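There are 2 protein chains.
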Amino acid sequence: MKQLKVQLGDRSYPIYIGQNLFVDSELLTRHINANKVMIVTNTVVAPLYLEQVKKSIESSGKQVDVTILPDGEQYKTLETLNVIFDGLLQHQHGRDTCIVALGGGVIGDMAGFAASCYQRGVDFIQLPTTLLAQVDSSVGGKTAVNHPLGKNMIGAFHQPKAVYIDINCLNTLAKNQFAAGMAEVIKYGIIWDRDFFDWLGENKSQVTELSSQSLTYLIARCCEIKAEVVSCDEKEHGVRALLNLGHTFGHAIESEQGYGAWLHGEAVAVGMIMAAKTSLKMGLIASDEQDLITQLITLYDLPTKHPNDMQLPEFLRHMAIDKKVIAGQLRFVLPTSIGAAELVANVTQETLKQVIVSD
Amino acid sequence: MKQLKVQLGDRSYPIYIGQNLFVDSELLTRHINANKVMIVTNTVVAPLYLEQVKKSIESSGKQVDVTILPDGEQYKTLETLNVIFDGLLQHQHGRDTCIVALGGGVIGDMAGFAASCYQRGVDFIQLPTTLLAQVDSSVGGKTAVNHPLGKNMIGAFHQPKAVYIDINCLNTLAKNQFAAGMAEVIKYGIIWDRDFFDWLGENKSQVTELSSQSLTYLIARCCEIKAEVVSCDEKEHGVRALLNLGHTFGHAIESEQGYGAWLHGEAVAVGMIMAAKTSLKMGLIASDEQDLITQLITLYDLPTKHPNDMQLPEFLRHMAIDKKVIAGQLRFVLPTSIGAAELVANVTQETLKQVIVSD
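If you read the sequences in order, they're chains F and B.
Our numbering applies: residue 1 is where the first sequence begins, and numbers increase by one.
Our numbering applies: residue 1 is where the second sequence begins, and numbers increase by one.
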């Protein structure tokens, strides 16, 4: 088992990465002070992991209640959030409860946001079961639900008490879900670590064949980078924004196509290709580096083109409410080489139009 | 004009108390960095103050949008909160927006909670228009909405950038709303300041005749006490809990009777009398001091008895999810003399039953 730490003063917390973590009762309850625990999961994950997690926590003598939500991004709403509050109140959970998020990014975002505002803030821990949640959304304390007019528009920064990444979960993950997670993995290579980017290209078969050694390295490297970035800039006033590479284009695709139609990672993959093309048009990245980005995304069986029915007006409509807008000015994360990226404000509509047409 | 400060490090903020503040454009925009502002108000307050506030902010060159909510505690819900998000997104407000809460406690709680979670946190300022909001809810950063199973169960700690208390607003306030505010005023005397408690008894006519000198003193003293308590204990790990005197009984009454049936301050008034009786039964307060509490609450035309249809089981059902419950143990704020109170954990059901029967 590997252990990392997110350094945030009195809100620091550990990330555990390994196999069979969910059946380790001592480990799983090490950061739970509460007598009552609420597991939040969904209809797909519950049959796979709920019983073992519940048993591990109950064996320490705690009362464990369960809220099972429907599966999918389309349920990441205020209405579904209320189902979690209903469960907490019906079972009389106090301010000293602990919420356990057992699932992918949607479950982590919702359970985390519920924890941030139930009784104005209670503890939670993350048990991410998808690759995307393991390498990205379970670490860093961003929580949110969607609004019909914009993704992740309602949320909070609320750090978990611990993150448990059991790589066994990836054995049951659908292929498209695994690929979607790889989009966020590739993102770390593009914005931060050229060696890691190269490693991903060279180790494709070990990764997709789920070699536990390769997966442990891959997940740990992503979490290390994320922990480093979040420790520097918890509330995204600066460098943390780079983690949004591909997300401005990607969120527009997700919102326009209807939440759940595209997986988040799929939209981010296309978004990263569009960001690299934008960078190329603006002369910020070399052409061969831009090619390498497209190649690696293609290698991991991710989509590379945005939906045909989306042109400049459709993208602009959603981008206008991107969280990186300041004083009405949209800002894009653009790669400047493999391993480096910048936040760029002066992207013209003409450039965007060319990128969209050429894509 | 009087000015106080809530000391909270880099989240410190000023409270301005005086007359005609809403028409002072420079003062009103002094703490707004945003180019876009969203005023959140309700159908009762809008006809009275919206135009002057809007004009004052617009005259500084900012874009001002408005969300008007229905009036009343029964609308303090997640559903109504979404109306604020709709407005912000429709008008494309970014993370650099500022929300202006123009109204009573319900508007302040909802606008503040919306500010805490819109794009994971934006600025807001408080323009409280009721006595209750001016002396209590606009200061201290507690924000929340209700859940059918419990009052203020979903919320956040999110401090405003400034609070503007215009005492002219009290000229248009309904008598029962004024009395409800006085319940929270009396609370400060009971838990913190015997001299202030005595002053309230001696100056009843000046206060209820809305003498501006008396009101300015009264509001400033309440805000001073609240600022002092909040500066010591922002997130209610200790002394801040004393501000909840009367609220455990009071919230039970509000929840049981249906939000909006009783004004919050009316329920708190009865709750304070019940807390004092509990204290007397437990030998924690002298009988004559307990009498003084009932007398002052009566003097300000507040209710003194809980609804007939509420007995021990009805109270216990709501109290079980009070936010002061720790490890299943309910804790009550009980006055120990005029000017002092304690958080007490060992109140028996038998004591509660006697208090409810005798009330």
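Check before you lean on any hint, since a few could be wrong.
[Said to hold, decoys possible] No more than 16 Å apart at the CA atoms, straight line, and that leaves these computed lysine to aspartate or glutamate pairs for EDC-like:
hint, chain 1, residue 1, chain 2, residue 2
1, F, 62, F, 10
2, F, 2, F, 256
3, F, 36, F, 10
4, B, 62, B, 24
5, B, 235, F, 10
6, B, 353, B, 314
7, F, 305, F, 256
8, F, 235, B, 314
9, B, 235, F, 24
10, F, 55, F, 10
11, F, 235, B, 224
12, B, 5, B, 224
13, F, 175, F, 224
14, B, 324, F, 96
15, F, 324, B, 96
16, B, 324, B, 342
17, B, 55, B, 71
Derived by calculation from the structure, the hints in this document are not laboratory data.
In this text, all values refer to a predicted model and were calculated from it rather than measured experimentally.
Original post:
Are there hints from earlier that the structure breaks, and if so, what are their numbers?
Top reply: 1, 2, 3, 8, 9, 10, 11, 13 and 17
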